[in-house]
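A.B. asks: The lines below spell out each chain.
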Amino acid sequence: MSGSSSQGSLHALADRWLPKLVLSPTLAASLIFVYGFIAWTGWLSFTESRLMPRYEWAGFVQYQALFENERWWTTAANLGIFGGLFILFCLLVGLLMAVLLDQKIRAEGALRTVYLYPMALSFVVTGTAWKWMLNPDMGLQKVVVDLGFTDFTFDWLVNPDMAIYTVVIAGVWQSSGFVMALFLAGLRGIDDSIIKAAQVDGASLPTIYRRILIPSLRPVFFSVLLILSHIAIKSFDLVMALTGGGPGNSSDVPAIFMYQFAFTRGQLGVGAASAMMMLITIVAVLVPLMYMETRSAKRV
Amino acid sequence: MKLKRLSAAVLAASLFPVAAQAADVEVLHWWTSGGEAKSVAELKKMMSAQGVTWKDFAVAGGGGDNAMTALKTRVVSGNPPTAAQIKGPAIQEWGAEGVLADIDAVARAGNWDKQLPPVVSRVMKYKGKYVAAPVNVHRVNWLWANPEAFKKAGATVPKTWPEFFAAADKLKKAGIQPIAHGGQPWQDATLFESVALGVGGADYYNKAFVKLDKATLAGPTTVKVFETLGKVKTYIDKGAAGRDWNLATAMVINGKAGMQFMGDWAKGEFTAAGKVPGKDFICTDAPGTQNAFTFNIDSLAMFQQKNPAAVQAQAKLAATVMSPAFQEVFNLNKGSIPARLDTPMAKFDDCAKKSSFDMNAASKSSKLVPSFAHKMAMPSATEGAMVDVISQFMNSSMTAQQATERLARAGAVR
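Protein sequence lines, in the order shown, are assigned to chains A and B. In terms of UniProt numbering, the first sequence opens at residue 1 and continues consecutively. In terms of UniProt numbering, the second sequence opens at residue 1 and continues consecutively.
I should point out that these hints are in silico values taken from the structure, not numbers from a laboratory. Watch out, some of these pointers could steer you wrong.
Stated by the list, open to error - Facing chain B, from chain A, some residues (calculated, C-beta under 7 Å):
no.	residue
1	137
2	139
3	158
4	162
5	267
Note that CB positions come from ideal geometry on N, CA and C, so glycine has one too.
Use the sequences and the hints to build the structure in full.
C.D. replies: Shown next as structure tokens:
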């Protein structure tokens, strides 16, 4: 056996095992800290856990308590309103800005930074800033009233029926720039020759966008939906900073519900059950999306 | 490699928690703001005078929620602190987990049973044994008023609900916001509680919110309470949503608003603004609650220690907390009153003196009741469900009848 061949087999061994070895700590960490804890939470949701975890099987009592809780249904309805409008407006505003920025305009870099900048803020900062702007006594309403329009009212923030929509406003402001960046990258990735061919065929610019460019952004739409829907479902800090879930519980969302029941009300079981419901919601949204995306990728 | 070393370090740290040194006490608390921090520093001084090292375990924020999360982690890992700031029925909940230490010997030596009102000592005991030591008593059913504003409106500080609404109308006419309030769930509950005590009386309060008697909760008195609360609601400005309590107090201080329902921690805001009780601001019982007293007591619950030296240090801590010297200096700084009935009150201001006097009187006439808005009266699950209903009522067009039904249902949540 010569030296070089033993070295070769060593290389082969390293080639085979090194990637696995390097990846194993991350894999172990995510197995334990993500899936392990999901399983733990799932188990807790079937126990009588109160202040501290207990492990005796108790069946579906916590889910029953959860579904009988009026506040839980308020949070679910709010999630529907917030999630739906947030995703819709982020997509519309983001796509519109991307298309407009795509027109080879001057100072595009500067404008792009302006729109992308809110992304650099944390949701807490966004929430606090919008809280001040939307406050009827010192924000937008006061400015307009001081300008002379004394009948002007904009009190959504303190109106229990409208408070959830202020969360949508702040959320869209924060995230639409990011969506724009994704769409812009997608638009730039499209081969120029397709556009030129369309132009030669005499298609107008709106038609090119409508029939060629936007349909070819399909994978980007999936990524954006994927990201936005999980931002919406887990949103906590934005609501906490902007409305605190109020007035009353009118702008409460599931994440706040989960936190309060699990950690401040000594109802770990109900909290765990609500966490599982959130997980199921995310899975229900993401699995079809990811399935569709992988299928379309295969087709290409 | 770095990751591995890090994870090894984390593993080592979690496997071998640094054991508390022999004569150490570690106290988990969230007394971190100005006056409160000063109060804790006094306790630290007194402990080190006895040769016990103080290990501070302050977790700020969230009204103690963050501290509770930290505490749970420590207890689950089998390394609880010597004592933690826990109050009310939560002491019973922790007692049921079997982790609290029996300090009955210290209590017997210090004759605690005699020095505490029975309603208070009951809160400090788990299954008849002392497991916690009270540090202060806050009175919740206060009404704070700005005499300047009342003079301008030609109104008098109210003692009953009809008087209250008459005064509120006058203030409104004079262009002064009658009630300063912050629309946060706990403030809504604080207001509700004072209204309930004022309208229903101490007996009703006890039956409904301490014994959680379903018939009482669903009864006509509760409807009346909600009707009164609904009327009070109309004197609150729209900007109240989400307002912090101290900003509401500031409205009373600068005369923008006439009155505020708030516990005696509001006094700290007045005195910090250089106002003198009785002259620049008035502290009086919430309408209809004369002689009654809703209490909110901070206490240190003691956790079981393995090390005998730590047990000894813990006993010293418990004895010190209940000593008249500590009770006096702590409460002078914090604005509350001592839990010990025999603490000299000479150095306290008029509001505190009134509070202490009223507590003694209320204790004798059994009108000393725990504040449920401040987690003193019922299990946290029930309290949370009730507060949900109250803040929903405050922020919607729910009728008093509907609110009563929902409150009765919330009272059954355990």
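A.B. asks: All the hints need checking, so say for each whether the structure fits it.
C.D. replies: So, going through the hints one by one against the coordinates:
1. With a least beta-carbon distance of about 4 Å to chain B, the hint placing residue 137(A) at the interface is held under the 7 Å criterion.
2. The beta carbon of residue 139(A) comes no nearer than 10 Å to any beta carbon in chain B, farther than 7 Å, and the hint placing it at the interface is violated.
3. For residue 158(A), the interface hint holds, since its Cβ comes within 7 Å of a Cβ in chain B; the closest pair sits about 4 Å apart.
4. Using the Cβ-Cβ criterion of 7 Å, the hint placing residue 162(A) at the interface with chain B is not satisfied: the shortest such distance is roughly 11 Å.
5. Residue-level restraint check for residue 267(A) holds (minimum Cβ-Cβ distance to chain B is 5 Å; threshold 7 Å).
The earlier numbered hints that this structure contradicts are 2 and 4.
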